[in-house]
Amino acid sequence: MRRGIAATALVAALGLTTAACGGDSGDQGGSNSSGELSGTVTYWDTSNEAEKATYQALAEGFTKLHPKVKVKYVNVPFGEANAKFKNAAGGNSGAPDVMRTEVAWVADFASLGYLAPLDGTRAIENQGDWLPQAAASTKFDDKTYAVPQVIDTMALFYNKKMLKDAGVDVPSNLNALKDASAKISKKWPGKSGLYLRGDDPYWFLSFLYGEGGDLVDADGKKVTIDDPSGVKAYKTIKDLVDSKAAITDASDGWNNMQNAFKSGKVAMMLNGPWAIADSRAGAEFKDPKNLGIAPVPAGSAGQGSPQGGWNLSVYAGSKNLDASYEFAKYMSSAKVQQETTEKLSLLPTRLSVYTKPTVSGNEMVQFFKPAVDKAVERPWIPQGNALFEPIRLQMANVLGGKTTPEKAAQETGDAYRKMLKDYK
Amino acid sequence: MAVETSQSVAKAAGANSARGRGRRTENTPRSTGPGRLRRALSTHWYAWSMVAPVVAVIGVIIGYPLARGFYLSLTDANEANVERTIGVNHIPATYEFVGLDNYKAVLTDNVFWDRLGWTLVWTVSCVALSFTLGLVLANMLNRKLKGRTFYRMALILPWAVPAFVSVFTWRLLFNERSGLFNQLLAGGGIDAISWLNDPTWAKVSVIAVNVWLGVPFMLVAMLGGLQSIPAELYEAAEMDGATAWQRFRHITLPGLRPVSGTVILLSSIWTFNMFPVIFLLTRGGPGDATEILVTYAYKLSFVVSPRDFAGSAAWGVLILALLSLFAVAYRRALRKQGDMW
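Chains A and B, in that order, are what the protein sequence lines are.
At position 15 of the first sequence (counting the first as 1) the number is 15 in UniProt numbering, and the numbers step up by one without a gap.
At position 8 of the second sequence (counting the first as 1) the number is 8 in UniProt numbering, and the numbers step up by one without a gap.
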């Protein structure tokens, strides 16, 4: 009856999938003779627990503008969204009409034929208003496959009170970070300075960029992760953990990080605007002013953090393309972006939104906007997302002492060359 | 209905002569008599009609996917080159037949052998531990003691809880920072253990969880086996002055052999392919330390991009081949000992 376990898990997985998918957008929609949109739009939202209520309200607000369109809001956890969408899209059943897509997923999905090209459709509105970096991630093969909704980058989140009590300044580089951590651990035994994500390669990027490195050089078709800068980046994370300047985990990293930071067990973490709402819910940040944000600590080549964000893409097999285009346009509109900034401190992708006083006056926006302008753009290639898995593997090996930073960088590079056939 | 049945039985009884006649028709020109197939059908139509649905179902849900998987493993199919139509986008099939290339690639790669080594360690230790524990517990529960029903119920519990619920619960218990185990250790003045973050401890943890999940099955099977051993044997042995160990060694163990042989085979096959425990507890991590063959095959066809259908199929065929080999060898060994099942 052990088989029962497999069967249960399968049934559970299927159950979750179908529950989350909500099936096809059953009723055929479109615009009737008077041009009024109708039908159902299934929207997969990938925002986190702290953000999803806001997004659900915004998505359902679409019905006020288009009363005949029913919006089916489904929250799909970010970690599962990619695989779930591919399962549904490749199998031609259960895929959402519109999905909130991570910037690195767009080229991947588009190259596989899952996304509807948006050029010349009603989805694209006032393209000149888009931030150029945000727009870059929506293109594949000179066509536009998504509309940008949120742009972000990473920064150092810190607990102002803890740093003050320990008598340290906000660290601006890795050495200062180690000093600050040492002082914090000395003042409060059992507490650490920094939480380092050991299980998510995205958190590795700012250490890599800080050493002047990159994953690949997409223009020169060259793998660059195994350059000396890549080795140094692996050395950095190992050093931070070995010297007890940082604590880490190889699993459940997000929850452990947020819990440690919110409860004051660590004083600092690297994170992005998506963590603001959740962090402020923690005991240490009852007074929201206690949450400090600073640029990521610089490596030997300076400060570098990755450009991330979220786009809205439309499924090519959607039975209700017109309403889906309109919905994508609405969710990326200036009005919606302004609201997500006001409620969640997320960064808009439209220049015009930054002129609104509620946005330009937002403390987090004031910090993050200049950081985003300097953020390092990732390679917008179909394999962009797949580049993370080899790093995840090697991070665990390095942090677990199973391999050396040199070997880890080399293995990552080899895995990339296997994946990117025409790269050197 | 009854008439029909008896008719077909009568016909079946005459099968020998039918076969004899069949041989003769081979020598005579075909056109003269009814075809062999037709005669076989008319003779055994009842059996055929009973078997047909099963054959059809097996063909559709096992045969076709198996054949298709095997075929894919001989091609270079992946997510980007298989045929599909999505709305306005039509992607034609452009994958090619590559023969045994995938197998060559898998078998010459260290990744496969590393995984295979750990999969074997994982299978053997899980089965050995859960079998031993199940046997001990079954023996303890097979005697008259107060509250026996309660113990039996309690030991069956892991089975009653959906596996993913138990695995997630274990994950919380193992959590390095807030998990119950490390808090207990801290209470005893012992340093925290990185249960799921250290490769070795992660292996210990996944085995522990799987044993916990597997013991009830062993326990129930063993209890059934124990109850089928005649009590007179024990009485006679006691009269002859056999010690408890001698009774266990010479009566219980041989008496359990038919049951234990079957459960060990089944449990080995299930453990070898035990996807949910590893996937839900560690996702194969830290790094790839706890990745077994099936979780890696899953990774190839669901995690990497574009999804490597051909590679994953090749892994699947190899896993199937390994398990078939094991089952055949195991059955042969059992038969040598005189057990039939």
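FYI, nobody ran anything at the bench for these hints, they're computed from the structure.
Careful, some of the hints might be misleading.
[Said to hold, decoys possible] Listed below are several chain B residues computed to face chain A (Cβ distance under 7 Å; list not exhaustive): (1) N89; (2) I91; (3) T94; (4) V106; (5) N110; (6) L185; (7) G189; (8) A192; (9) I193; (10) W201; (11) A237; (12) E238; (13) A242; (14) G285; (15) D288.
Please read these numbers as outputs of a predicted model, since none were measured by experiment.
Think of the CB as a built atom: it goes at the ideal place given N, C-alpha and C, for glycine as much as any other residue.
What are the numbers of the hints the structure violates, in ascending order?
-> Of the numbered hints given earlier, those the structure breaks are 3, 4, 5, 6, 7, 8, 9, 10, 11, 12, 13, listed in rising order.
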